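A.B. asks: So you can see what is in the structure, the chains are spelled out below.
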Amino acid sequence: MQANPLFTALRAVGAWGVALLLFFPLGWLFLTAFKTELQAIHVPPLFVFEPTMDNFGEVQRRSDYLLFARNSLITSVGSTILGLLIAAPAAYSMAFFRTKRTRDILMWMLSTKMMPAVGALVPIYVLAQTAGMLDTLPALIIVFTLSNLPIMVWMLYTSYKDIPNEILEAARMDGASIWTEFRHVVMPLSVGGLASCGLLCLVLSWNEAFWALNLTSAKAGTLATLIASYSSPEGLFWAKLSAASLMAIAPIVVFGWFSQKQLVQGLTFGAVK
Amino acid sequence: MKRFLKAGLVLALAGAGLAHAATELVIATVNNGHMIEMQKLTPQFEKAFPDIKLKWVTLEEGTLRQRVTTDIATKGGQFDVMTIGLYETPIWSKKGWLKPITTDAAYDVDDILPAIRSGLSLDGKLYAAPFYGESSMLMYRKDLADKAGIKLPEQPTWTQVKEFADKANDPKNGVYGMCLRGKPGWGDNMAFFTTLVNTYGGQWFDMSWKPQLDTKPWKDALTFYVDLMKKNGPPGAAANSFNENLALFSEGKCAMWIDATIAASSLTDPKQSKVADKVAFAQAPTAVTPKGANWLWSWNLAIPASSTKDDAAQKFINWATSKDYINLVAKEHGWHAVPTGTRKSTYANPEFQKVAKFAAAEKKAIDSANPNDSTLPKSPYVGVQYAAIPEFQSIGTIVGQQVTAALAGKATVDAALKTAQTAAEREMKKGGYYK
Amino acid sequence: MNRFLPRALMAPAVITLFLWMIVPLLMTLYFSFVTYNLMQPGERPFSGLENFHYFVTDPDFWPAVMNTLLLIGWVIVITVIGGVLLALLVNEPFPGRGIVRVLLISPFFVMPAVNALLWKHMMMNPIYGVLANVWTFFGLTPVDWLTDVPLLSVVIMVAWQWLPFACLIFITSLQSLDREQMEAARMDGANAFQRFGYLTVPHLGRPMAVVIMIEMIFLLSVFAEIAITTNGGPGNESTNLTYMIFKQSLMNFDVGVASAGALFAVILANIVAAFLIRIIGKNLD
Chain A
1 MQANPLFTAL RAVGAWGVAL LLFFPLGWLF LTAFKTELQA IHVPPLFVFE
51 PTMDNFGEVQ RRSDYLLFAR NSLITSVGST ILGLLIAAPA AYSMAFFRTK
101 RTRDILMWML STKMMPAVGA LVPIYVLAQT AGMLDTLPAL IIVFTLSNLP
151 IMVWMLYTSY KDIPNEILEA ARMDGASIWT EFRHVVMPLS VGGLASCGLL
201 CLVLSWNEAF WALNLTSAKA GTLATLIASY SSPEGLFWAK LSAASLMAIA
251 PIVVFGWFSQ KQLVQGLTFG AVK
Chain B
1 MKRFLKAGLV LALAGAGLAH AATELVIATV NNGHMIEMQK LTPQFEKAFP
51 DIKLKWVTLE EGTLRQRVTT DIATKGGQFD VMTIGLYETP IWSKKGWLKP
101 ITTDAAYDVD DILPAIRSGL SLDGKLYAAP FYGESSMLMY RKDLADKAGI
151 KLPEQPTWTQ VKEFADKAND PKNGVYGMCL RGKPGWGDNM AFFTTLVNTY
201 GGQWFDMSWK PQLDTKPWKD ALTFYVDLMK KNGPPGAAAN SFNENLALFS
251 EGKCAMWIDA TIAASSLTDP KQSKVADKVA FAQAPTAVTP KGANWLWSWN
301 LAIPASSTKD DAAQKFINWA TSKDYINLVA KEHGWHAVPT GTRKSTYANP
351 EFQKVAKFAA AEKKAIDSAN PNDSTLPKSP YVGVQYAAIP EFQSIGTIVG
401 QQVTAALAGK ATVDAALKTA QTAAEREMKK GGYYK
Chain C
1 MNRFLPRALM APAVITLFLW MIVPLLMTLY FSFVTYNLMQ PGERPFSGLE
51 NFHYFVTDPD FWPAVMNTLL LIGWVIVITV IGGVLLALLV NEPFPGRGIV
101 RVLLISPFFV MPAVNALLWK HMMMNPIYGV LANVWTFFGL TPVDWLTDVP
151 LLSVVIMVAW QWLPFACLIF ITSLQSLDRE QMEAARMDGA NAFQRFGYLT
201 VPHLGRPMAV VIMIEMIFLL SVFAEIAITT NGGPGNESTN LTYMIFKQSL
251 MNFDVGVASA GALFAVILAN IVAAFLIRII GKNLD
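Going down the list, the sequences are from chains A, B and C.
Counting in the working numbering, the first sequence runs from 1 upward without gaps.
Counting in the working numbering, the second sequence runs from 1 upward without gaps.
Counting in the working numbering, the third sequence runs from 1 upward without gaps.
Certain hints may be false.
[Unchecked claim] No more than 30 angstroms apart at the CA atoms, straight line, and that leaves these computed lysine-lysine pairs for DSBU-like:
1) K219(A) / K315(B)
2) K323(B) / K364(B)
3) K53(B) / K219(A)
4) K219(A) / K75(B)
5) K364(B) / K151(B)
6) K344(B) / K94(B)
7) K161(A) / K282(C)
8) K282(C) / K100(A)
9) K219(A) / K40(B)
10) K172(B) / K162(B)
11) K55(B) / K142(B)
12) K219(A) / K309(B)
13) K219(A) / K142(B)
14) K99(B) / K219(A)
15) K151(B) / K354(B)
16) K99(B) / K125(B)
17) K162(B) / K315(B)
18) K53(B) / K75(B)
19) K219(A) / K344(B)
20) K94(B) / K315(B)
[Claimed, not checked] Between beta-carbon pairs, the in silico distance windows are:
21) T141(C) / L66(A): 45 to 51 angstroms
22) L49(C) / W179(A): 52 to 58 angstroms
23) E50(A) / K147(B): 50 to 56 angstroms
24) R98(A) / I279(C): 49 to 55 angstroms
25) V253(A) / V23(C): 33 to 39 angstroms
26) G205(C) / V253(A): 30 to 36 angstroms
27) N372(B) / W135(C): 34 to 40 angstroms
28) R278(C) / S306(B): 29 to 35 angstroms
29) G73(C) / P164(A): 29 to 35 angstroms
30) V23(C) / T308(B): 27 to 33 angstroms
31) D146(B) / W135(C): 47 to 53 angstroms
32) T422(B) / L127(A): 35 to 41 angstroms
Just so you know, the hints here were simulated from the structure itself, not pulled from any lab data.
Here the structure is a predicted model, which is why all the values come from computation and not from measurement.
The C-beta atom is built at its ideal place from N, Cα and C for all residues, glycine as well.
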């Protein structure tokens, strides 16, 4: 089955065009991080300019970037792993041992996220305070995990359901037990789903700002709180904010880049029979 | 002999214990330039006070206010020193949420500008120490004024200002006659707009706490504001606050701008402004009365009443708001970088005057602002550009949204004020100010 | 054994979520029935339905509900349709596909606060924003996005951020599309549109349902973008339910009314969810 080269060319042009268009604001952010404040607000916008590393130096001098980065790393990775450990079995059970109640439980899980966080701020704050957990990393990990759990269950449920039934039936007819079936058929085929679910939840925790800001002060702040100190101060701040944002999202973007390959591997393995 | 040894051991242990017991202060602060300077000078503080370590939590104004208010109201104890504004201090000190600031003779508490000091004190005791103060003033392009043949007096009237705006307005060449705040918010557009209402002879609440938003001064002020900005304002004014207008003026797009005096230091700095050498200053314009034309604001350091680190906190606050600190900043970064608007001695200093061309105008503005008497009719509230009641944040923002709606042409002046009046009455009733 | 295993697998998720949900929910329920303002701590007298009444009679209430629904609706439509189209576009190999995929999902990595500032200053500012310059390049007057079309501006910002999410889910799902079935259909003479309509779309049914449900939940509580750009204005054109709750909770510090508002948000969410389930529910099985 040969792909029509004309279609491929059109496809490439279209895809690249849309991708660049969508990526443009981020690319602009990247450029702005290397400008001075005056250059950043220049009219018309500057594409060509002399780059400077001043902003990054300023960010590093002003705040303890490494501490925040470390906290972000610990809380997002911790909450993702914890979440996967709890969500994967639940999603598996709902996908393969379906009952009449399954859809209701799925909906109920989603409903736990229906209350806007800002409405539950005072109850949670008071709870955390009573438990002596204000400004601690475990508190953030717990909150992130529980915030993302419904999403994880839903997404893993979808990816388990995507596994074609024929493969499972074939395995069962070959005499595989549930455990073997899980280990040798389901697991490899769902790696792609697990990976994309994990990546998304990593990003959600990484960017989580509301709880990070309100439940921490000096010790447990994440990169989201770092950004909060750069947004809307008095005076020109745009270049510095761009630099701080770059430093805040760089780890996750790099990670996303690499895990992209994993995703593709997992996915193509699943599609090939 | 044994007793002597024992005593020696105890003393040695105690000494060792003292040397290790460094108190850690968590300071919540706002992310403006002066506070960032202070963070940079932390090593100097820790050298002078080796048993105190500082940890900083820096946030933008709105988030900071939410954080510290939630914390102090629930006695969370997350912060040992809080940065609060001139708005919170009277409210919180009345509730007994703050510890008084103790100062010594060297601190010279009388040196603090009287307008600010009275705003921060209750029953003669200072409840928060100011490290930065500001008022508002008119900043304009001298070159454009000359070109238009206009000479603005030290305190112009709004009529004169409008004349200049009309003449200087040149959108084809990217110059707009007047840049003003338009973004809705009690601390955004309403800070400026309240002063406008003040000079038109209006007030927020009358002596029985009834909102006055549908009275003549408000109507006149809003009509004037909307017309002025429609004719001479930049596009997108409805989303502009301090930062946006600063960017516009620095790029040379505004002939005039009325905003915080702190803007002057950026505008006259060639590294931050394209028009650094073309800026002149005047007092905020007046209409019917000069009362309440310039606002008053200060950022201050305070200690929550439930704090367990009172001693260390007092030491830090005294250090950070002292004359020595100002001299320290001058030594490290020059006189143009010192926090202003707090002490008479700063303004009297010839080095400072040399570097800050706007200093005289700024001091005049601050001195003329009186939070206790900023409206023509007598008012029950304290504050020039706000009313120091807890409900004001919400009321101010709702009214701000309506002012923006009028500015954006989405509502007529009358309709906007009517909606604002209804909303304000609703909130005040809920707050129990009147039935 | 057959009954036990599934229950045991689900137990940890169900129990933890239950606790996580029930405790704040009960506290919020309690607060909504008392008068409790953080600025006046002390007595918390029972006040019945007063908080609810106050929240509902706010003149902004019904506009906010409308705006909330519009925001959710528009973003879902844009991201689902856009996501499917983009996923189809990158479904076949072409030079640089890996890079294109990374570019497509990057907007999701940006923090909402940065996203809002990015759009407000860099893109949408009518004087020095990029969009303004593009408009003037074509000889048109730049659009004053945040003033004239505030809700649409917020929709654009939020959709830009969530499109990658939908895209990623659909890309992942398309990869498990049955190739042999596709080939068989093509050989049977089905053209591209028929293949799309009869094979691809049903296969994407479940991921679409997931994307819609998840986005609905997140979009309900959008507020950082609004707070940073328009502060709910002009008037109440970009105020949504969550922003109203924010005003009560973190400006007025009125925990009682904020809690009542939060419960209203939950009710609204449940109504919308029930409605959506009617339409797409069968795709969840």
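A.B. asks: Now tell me, hint by hint, if it's right for this structure.
C.D. replies: Hint by hint, here is what the structure shows:
{"no.": "1", "hint": "K219(A) / K315(B)", "result": "23 angstroms, holds"}
{"no.": "2", "hint": "K323(B) / K364(B)", "result": "21 angstroms, holds"}
{"no.": "3", "hint": "K53(B) / K219(A)", "result": "13 angstroms, holds"}
{"no.": "4", "hint": "K219(A) / K75(B)", "result": "19 angstroms, holds"}
{"no.": "5", "hint": "K364(B) / K151(B)", "result": "20 angstroms, holds"}
{"no.": "6", "hint": "K344(B) / K94(B)", "result": "27 angstroms, holds"}
{"no.": "7", "hint": "K161(A) / K282(C)", "result": "14 angstroms, holds"}
{"no.": "8", "hint": "K282(C) / K100(A)", "result": "13 angstroms, holds"}
{"no.": "9", "hint": "K219(A) / K40(B)", "result": "19 angstroms, holds"}
{"no.": "10", "hint": "K172(B) / K162(B)", "result": "19 angstroms, holds"}
{"no.": "11", "hint": "K55(B) / K142(B)", "result": "44 angstroms, violated"}
{"no.": "12", "hint": "K219(A) / K309(B)", "result": "18 angstroms, holds"}
{"no.": "13", "hint": "K219(A) / K142(B)", "result": "49 angstroms, violated"}
{"no.": "14", "hint": "K99(B) / K219(A)", "result": "25 angstroms, holds"}
{"no.": "15", "hint": "K151(B) / K354(B)", "result": "24 angstroms, holds"}
{"no.": "16", "hint": "K99(B) / K125(B)", "result": "10 angstroms, holds"}
{"no.": "17", "hint": "K162(B) / K315(B)", "result": "49 angstroms, violated"}
{"no.": "18", "hint": "K53(B) / K75(B)", "result": "22 angstroms, holds"}
{"no.": "19", "hint": "K219(A) / K344(B)", "result": "38 angstroms, violated"}
{"no.": "20", "hint": "K94(B) / K315(B)", "result": "24 angstroms, holds"}
{"no.": "21", "hint": "T141(C) / L66(A): 45 to 51 angstroms", "result": "47 angstroms, holds"}
{"no.": "22", "hint": "L49(C) / W179(A): 52 to 58 angstroms", "result": "55 angstroms, holds"}
{"no.": "23", "hint": "E50(A) / K147(B): 50 to 56 angstroms", "result": "33 angstroms, violated"}
{"no.": "24", "hint": "R98(A) / I279(C): 49 to 55 angstroms", "result": "21 angstroms, violated"}
{"no.": "25", "hint": "V253(A) / V23(C): 33 to 39 angstroms", "result": "36 angstroms, holds"}
{"no.": "26", "hint": "G205(C) / V253(A): 30 to 36 angstroms", "result": "31 angstroms, holds"}
{"no.": "27", "hint": "N372(B) / W135(C): 34 to 40 angstroms", "result": "49 angstroms, violated"}
{"no.": "28", "hint": "R278(C) / S306(B): 29 to 35 angstroms", "result": "52 angstroms, violated"}
{"no.": "29", "hint": "G73(C) / P164(A): 29 to 35 angstroms", "result": "33 angstroms, holds"}
{"no.": "30", "hint": "V23(C) / T308(B): 27 to 33 angstroms", "result": "29 angstroms, holds"}
{"no.": "31", "hint": "D146(B) / W135(C): 47 to 53 angstroms", "result": "34 angstroms, violated"}
{"no.": "32", "hint": "T422(B) / L127(A): 35 to 41 angstroms", "result": "37 angstroms, holds"}
Hints 11, 13, 17, 19, 23, 24, 27, 28, 31 from the list above are not met by this structure, while the remaining hints are.
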